[in-house]
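Per the working numbering, numbering through the sequence shown is continuous, rising by one, with the last residue being 527.
Bear in mind the hints are in silico, worked out from the structure with no lab data behind them.
For each residue, glycine too, the CB sits at the ideal point set by N, CA and C.
There are no misleading hints in this set.
Just the calculated beta-carbon pair ranges, DEER-fashion:
hint, residue 1, residue 2, range
1, Gly263, Thr492, 35 to 45 Å
2, Arg189, Leu493, 35 to 45 Å
3, Arg221, Val31, 32 to 42 Å
4, Thr492, Arg450, 20 to 30 Å
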Amino acid sequence: GGQELANALEPARQVARATAVVLAMTLVSRVLGFLRDAAIAWAFGASRASDAYMVAYTLPYFLQSVLGVALVTVMVPVVSRHLVAGTREEAWSVTSSILNLTGIFLLVLTVIGYWGAAPLIGALAPGFSQEQAALAVQLTRIMFPSLAFVGLGMLISGVLNAGFHFSIPAFAPGLANLVMILAVVFFHRQFFIHALAWGTLAGFAAFFLVQLPSLRALGFRYRWHWHFRHPDVRRVLRHVPTVLLAISVTQIYLAINRLLASGLPHGSITALDLANRVVNLPLGVFATSLSTALFPAMSRQAARHELEGLAAATAKSLAVLLVVVLPVSTAMVLLREPLIRLLFQRGVFDAAATALTAEALFYFAFGMVGVAANLVLTRTSYALGEVGMPVLAAGISIAADAGLSVLLVGWLAHGGLALANSLATTLNAALLFFLLRRHLPGLHPLPLARTGVLALVACVPTGVALSLGLILWPPAALGPKSLVLEVLALTTLGAGIFLGTARTLRLTEVDLLLASGRKVIFGRRER
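Given only the sequences and the hints, what does the whole structure look like? Please build it.
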């Protein structure tokens, strides 16, 4: 299994090293993200104020997760091609033009958003009371200037990734989280929820500024010019809207959640957002790191028409993700309540808020495989230059999510919204996989299905062990320290049982993961 992946990925050593770097930095960033969420829960709980902030935060977060990722996606192939060809000056010329155009666009958007905050909040959360809507408008106006820092910072991340500079772009979101944590801890008593809004603005400024030294180290030279007619500039401008729509699918799900949850009991929006972030911790650490490090190598394979290698890399990556994500989602389902209690239940975040968030986590966990698969499949599509396929799959899944959300919210309240997201994102991944097969005939579903079935079989004894552990060691009767020990013990036990069962079933991806882990930890000694 390990040799197969090494042959499929090019250059293998560079990809492996990049994955390890991004994995480590992303882990730090995600841990800081959870500390940020814990600080917010401690200071504000699941309340009207926190709901107002979550809605006000929608557009900055949307741009970071969607427009920013779209800019990274379209910039990496363009800059990579010039760096490989040795035309660095042309790469910097194209980059400068895109930076200038993006900056002007975001400046105009900031002005429009600042003055149009009231109707924007009215559209995003029509169920808010007048007082809560007014608070959300204030918070929106404080945070709206962060759009420029988010957009330009993500564009710079793409340029750095193309030059195989991964560590600082991966850590930059963590620095933003750290600034937000400090703002909440030191200023929430004086300024209440407004401290968090100002901290968000300062955090995104730090996200942008911390990457500038690395950009200079790469050799980038900024120029004040506008090459509208340059083929690469036109290609980027043409592809960004299409890529934007495909990538925005998850954020559109969340916007639908907030729209429908604004009429549910207070705290529902916060519960959905926090549960979604818990689910995205392992996805962000492993799946995002893998797809980020793979993308430059995939772009080279596609440019050289090495379609069999690209299909093999995609299939092996999906198989590895199945083996990682399925046991993690099993643990999320069974350990949802002690996990949420451990992460967030302190300060004004009480047992009722824990129950709300745990219910959302239960339903979100069923969509983890779909989210992880989409990260790899969209990168494969863009490496091929096929920007239309992700849009088609995304459009169908968004329509499905909207319909399912309306249907399920009356039955399961905010849990129905989370379940609708999970079903829709799984549909999106399935559609994109079969659309890709037209361009990659070597991308076969049966080996992946076999891996998925074996991984699910290995999850059965894992789930039984976790369930017995919860019965013998009821979380509700435990204090904070004992709860930490229980979660750690059960997680370790579940991982050990899954790995043992998977190896018994000869699931080769597990051997690949273990071998990769040994290389990351002991690589220098082995050499």
